[in-house]
Amino acid sequence: METIIIILAGVLVTVATYLLLSKGVLRVILGTAILSHAAHLLLMSMGGLKTGGVPVIGEGDGTYTDALPQALILTSIVISFAVTAFLLVLAYRTHQENKMDLSKIARGLKNE
Amino acid sequence: MNNILVFPMVIPLLTGIILIFLRPFIRLQRWISLGAMIVVSGLSIYMLEMIQTNGIIRLDFGNWKPPFGILFVGDSFSILLVLTASIVTGICLIYAFLSIGQEREKMFFYPFVLFMVAGVNGSFLTGDLFNLYVCFEVMLLASYVLITLGGAKPQFRESIKYVVINVVSSWLFLVAIAYLYGAVGTLNMAHLSARVAEAGQPPLVTVISILFLLVFGLKAGLLLYFWLPGSYSAPPTAVAALFGALLTKVGIYAIFRMFTLLFYHEPSITHTLIGIMAGITLVGGSLGAVAYKDIRQIVSYNVVIAVGFILVGLAVATPSAVEGSIYYLVHDMIVKALLFLIAGTMIALTGTAKIDRMSGLIRNYPLLGWLFFIVMLALAGIPPLSGFIGKILVGQGAVEGGNYVLLALAMISSIFVLYSLLRIFKNCFWGETIISEEEQVPLKKTLLIPCVILTALSIGLGLGAENFAMYVKDAATTLLNPSIYVEAVLGE
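Protein sequence lines correspond, in order, to chains F and C. Sequential numbering from 1 applies to the first sequence in the UniProt record's numbering. Sequential numbering from 1 applies to the second sequence in the UniProt record's numbering.
Calculated from the structure, these hints are not laboratory results. Every value quoted in this text rests on a predicted model; they were computed, and no experiment measured them. Hints are supplied without guarantee of correctness; some may be wrong.
Said to hold, decoys possible - In silico lysine-lysine, DSS-like type, Cα no more than 25 Å apart, as pairs:
no.: 1; chain 1: F; residue 1: Lys23; chain 2: C; residue 2: Lys161
no.: 2; chain 1: F; residue 1: Lys23; chain 2: C; residue 2: Lys444
no.: 3; chain 1: C; residue 1: Lys426; chain 2: C; residue 2: Lys444
no.: 4; chain 1: C; residue 1: Lys444; chain 2: C; residue 2: Lys106
no.: 5; chain 1: C; residue 1: Lys426; chain 2: C; residue 2: Lys293
no.: 6; chain 1: C; residue 1: Lys153; chain 2: C; residue 2: Lys354
For reference, chain F alone in the conformation it holds in the complex (with noise of 0.2 Å):
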């Protein structure tokens, strides 16, 4: 089982540094967001998955699930939210600001 989520990771993975290599910031913000998505999976995974019940005292039978990864994707997944809601406001104002593609941005040009 932790193989077919690794791989899903590793598909994930290249699929957003393609996002992220392309020339729209809004394709960018969409690679950040499945990036974050890999990573909260990677971290699953490597906790070891479904090795006993849920982690709630008196649900399992005795076994549970190690609760430390998702303990940690729960706080990432809070920064990388509002992470990305920050960006997307920063995409939206530098739209509206510069009046200029996105496009340029991401590649770099100067447009002063």
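Since the structure of chain F is already known, use the hints to place chain C on it.
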């Protein structure tokens, strides 16, 4: 009593939250934020003394014993950096009072500076890897806001690049943490160190360590510094000074921690790699520093050179080299802030950043000119000033370690630093005065106060190196003997 350890992070955080409610009262915001930094500096000095007598102090949150809970660990190295960071931030705040402008002050400028400092101090103090990640994000999110705050065109352009680069490096950080947790099964740094030592650092862990090197290399501008010159020249002066003084230094701190505490078993691979990266950084930074005619670019590339220089000390890893790196790290935080402030003042006075468009500034602004001269000598490492002792110790370490290529690169880079700044001094301060008496922009005398304080600190650090040596020695001893740290955390 150990609760004192949490204050460098909690005081800025709480003050920042309070300042959000005091939005219309700018004067009050200024005084409170400055007061918070002074309190943190005072507490850090107290803690530094405490560590000299009692050894490493640690604080377990919620009374969970070390491998299971999050904890803060204060050794001389981290507290020294907390102290320097707080002092430098306080001084940059004074500069910000006079220069940043009402619009930015009304848009939560001070809260975000304090949040950034909270993140920086948290990163220095934490003893947990994932907590380090969170503190990094606290620092970075605040820095994203500070770099965009105000919304000038170049700020937008550079901030998108800056944010995306940091999102990618944070992602790498997360992946590295996942791998390390999968390989070793813990996140507490001391516990990690013990487990890695038990396993004798197998190749898998070495690969993970290189991943960490990439992550912190991106944050610190070690080899992967391509994002740095652009981002550091976009924001207003006070913010750029804070960035130049604090942000890359956190990355350097993390590299030092990682490679002295955790991954020190395969120096032939990891430390050689650090050496190569530091060497290339020195060359690249030196080329950048002499290539541009834009003051901000020159100053930013000087940050890159300093990163390379400090990491040379780690790559060599003899006691005197590490000591030299610590001296240089503290010196560089102070002097880079000063350099950015002076460069920003020059740009504000002349209205241009190109060095061939200004000339003869020393006749109109003599004090500014001589301050720049002193900072130039300090950065190049001229004896009575603060850069000297760091450079000489790193050099001595490199000779002891027989690492002559790095020694040559490090010393030649000093010449490049001197040349690049001397070019600014000669072009901008000497020569015919372009600005006549009538159209001379009056330099607010108060604007020079922070510069003078920083210069005094730099001179004091150079002349008072003896008084300072005790702390640096202790920091270097702890870094080179990870068992001290591990025992302080996991012992009893």
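Okay, the hints, checked on the actual structure:
Under the criterion of a C-alpha separation no larger than 25 Å, the hint pairing Lys23 (chain F) with Lys161 (chain C) is consistent with the structure, at around 13 Å. The straight-line distance between the Cα atoms of Lys23 (chain F) and Lys444 (chain C) is roughly 45 Å, outside the 25 Å bound, and the hint therefore fails. Using a Cα cut-off of 25 Å, the hinted pair Lys426 (chain C) and Lys444 (chain C) holds, with the two alpha carbons roughly 23 Å apart. For the hint linking Lys444 (chain C) to Lys106 (chain C), the alpha-carbon distance of about 22 Å falls within 25 Å, and the restraint holds.
A distance of roughly 13 Å separates the Cα atoms of Lys426 (chain C) and Lys293 (chain C); the hinted pair therefore holds under the 25 Å criterion. Under the criterion of a C-alpha separation no larger than 25 Å, the hint pairing Lys153 (chain C) with Lys354 (chain C) is consistent with the structure, at around 19 Å.
The structure fails hint 2 only (numbered hints given earlier).
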